[in-house]
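Number of protein chains: 2
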Amino acid sequence: MKLITGVTPSNIKLYNTAFVHASKASRNNFGLKEDNERLEYLGDAVLDTIVADFLYRKFPLKNEGFLTEIRSRIVNRDTLNKVGGEIGLGSLLVTNSRLMNSKNQKGLLGDALEALIGAIYLDKGYDKCKSFVIEKILRNHIDLDLVVRENPNYKSLVLEWAQKHGHEVKFQIVGEKGEAFKKEFEAEVLLDGETFGTGTGKNKKRAEQYAALQVCKELKLI
Amino acid sequence: MKLITGVTPSNIKLYNTAFVHASKASRNNFGLKEDNERLEYLGDAVLDTIVADFLYRKFPLKNEGFLTEIRSRIVNRDTLNKVGGEIGLGSLLVTNSRLMNSKNQKGLLGDALEALIGAIYLDKGYDKCKSFVIEKILRNHIDLDLVVRENPNYKSLVLEWAQKHGHEVKFQIVGEKGEAFKKEFEAEVLLDGETFGTGTGKNKKRAEQYAALQVCKELKLI
Chain A
74 MKLITGVTPS NIKLYNTAFV HASKASRNNF GLKEDNERLE YLGDAVLDTI VADFLYRKFP
134 LKNEGFLTEI RSRIVNRDTL NKVGGEIGLG SLLVTNSRLM NSKNQKGLLG DALEALIGAI
194 YLDKGYDKCK SFVIEKILRN HIDLDLVVRE NPNYKSLVLE WAQKHGHEVK FQIVGEKGEA
254 FKKEFEAEVL LDGETFGTGT GKNKKRAEQY AALQVCKELK LI
Chain B
74 MKLITGVTPS NIKLYNTAFV HASKASRNNF GLKEDNERLE YLGDAVLDTI VADFLYRKFP
134 LKNEGFLTEI RSRIVNRDTL NKVGGEIGLG SLLVTNSRLM NSKNQKGLLG DALEALIGAI
194 YLDKGYDKCK SFVIEKILRN HIDLDLVVRE NPNYKSLVLE WAQKHGHEVK FQIVGEKGEA
254 FKKEFEAEVL LDGETFGTGT GKNKKRAEQY AALQVCKELK LI
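As they're listed, the protein sequences go chains A and B.
Quick note: the first sequence uses this note's numbering, first residue 74, plus one each step.
Quick note: the second sequence uses this note's numbering, first residue 74, plus one each step.
With the rest of the complex left out, here is chain A:
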């Protein structure tokens, strides 16, 4: 365990529980299932906070929309599964193969990673847990430059902003030109009924993204 986490466990039972999938859970004397789901609930929150803090300090000039977007790309299911596999959690997992199917198998490693974070948090406290997440996960397994360079979903940035600040937002396709295989669409974003951005693209979705990008720039959301 020290090899993976860099910390010497004090309460080894916590770490053992972190790798028990619900399909293999036994019930203890109090009737509580002894699997990793409670630890995962805790670790999920702790991970969110540590990544929020890391990005807050890393990007002192970026606003909360950017920070929220980058965080959601880091803590998403696919990334956590990948990292869980890379740090070797696969061989530690305890599951009941008879009860497993392709759907519940999918998130196993990410869930175990969150549960492990919960276990370290309880065993060693927040600051040591933060060091583990930053040193062993973020620095070694996340290419932050790459994550930032991915195109954000500008439309959802605009929708979030509008919801938060009490504005009405509407996306609409206002034009369509070109022939069947070379079509171009034109989208428009209305804020409280007024046109705030327009964009064109080879499909409706892309046209909306370009229109939303214009709004994001205008509102300095990116």
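One or more of the hints may lead you astray.
Chain copies aren't distinguished; within one or between two, either way the pair holds.
Unchecked claim - Listed below are the simulated DMTMM-like cross-link pairs for lysine to aspartate or glutamate, each with C-alpha atoms no more than 20 Å apart in a straight line:
id: 1; residue 1: K75; residue 2: E159
id: 2; residue 1: K135; residue 2: E107
id: 3; residue 1: K290; residue 2: E107
id: 4; residue 1: K237; residue 2: D151
id: 5; residue 1: K75; residue 2: E208
id: 6; residue 1: K131; residue 2: E107
id: 7; residue 1: K131; residue 2: D196
id: 8; residue 1: K86; residue 2: D126
id: 9; residue 1: K290; residue 2: D265
id: 10; residue 1: K237; residue 2: E107
id: 11; residue 1: K203; residue 2: D126
Just so you know, the hints here were simulated from the structure itself, not pulled from any lab data.
Could you slot chain B onto chain A? The hints should help.
Just chain B now, kept in the frame of chain A:
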């Protein structure tokens, strides 16, 4: 500030920023708006973690579905606004009344409370921030017994469980009896195509809740 938080600020600038609403933000030399939204983003995550931890320890025999449900009732917008008002954040808020409307005014106190939590976290660290949240917010302003006694949304508990464990769930109304003003509906919950619970109620929603309650008991989700 010490009166509200119980801690003596080291970096007072952080606390000042926590009370500046976006409508009143100026831009600093780097072009960054100086308002409380970055702190709110951070405080929101920190609060989630502290409440997650508090409930984890408080309810050692409850499963993650229960803990998640109770946490979401504590950190919801209405509760945070109420607590923000009760601890006296209203008089500290800096807003631009010309730019305020009934919608963006609504969440002001809760947002400021989250931003204040972000400020304490940065200024004093996680453990001091945790003491503030537990002593000054949870113990003084949240009636946990009352929160727990509220009827949970059983339907969403079932939906969450199904999504997480890769099962298909379907709610359907299968019967309707009685006259216009004394109707009774019967609902059924199907898990992977098989009936798992039924319930009756005076409207469709209530019938579904009773059916979901049966499923929750069966699956030991509550």
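Hint by hint, here is what the structure shows:
1. K75 <-> E159: within (16 Å within a copy, 46 Å between copies)
2. K135 <-> E107: So K135 and E107 pass the 20 Å test across copies only (11 Å; inside, 42 Å).
3. K290 <-> E107: between (50 Å within a copy, 18 Å between copies)
4. K237 <-> D151: Answer is between: at 14 Å across copies they meet the 20 Å cutoff, but 27 Å inside does not.
5. K75 <-> E208: Cα proximity of K75 and E208: one copy only (14 Å, versus 35 Å across).
6. K131 <-> E107: Between. Shortest inter-copy distance 17 Å satisfies the 20 Å Cα cut-off; intra-copy 38 Å does not.
7. K131 <-> D196: between (27 Å within a copy, 17 Å between copies)
8. K86 <-> D126: between (29 Å within a copy, 18 Å between copies)
9. K290 <-> D265: Within one copy only: 18 Å inside a chain, 46 Å across chains, cut-off 20 Å.
10. K237 <-> E107: between (40 Å within a copy, 18 Å between copies)
11. K203 <-> D126: Answer is both; intra-copy 10 Å and inter-copy 15 Å each pass.
Every hint, counting from the list given before, is met by this structure.
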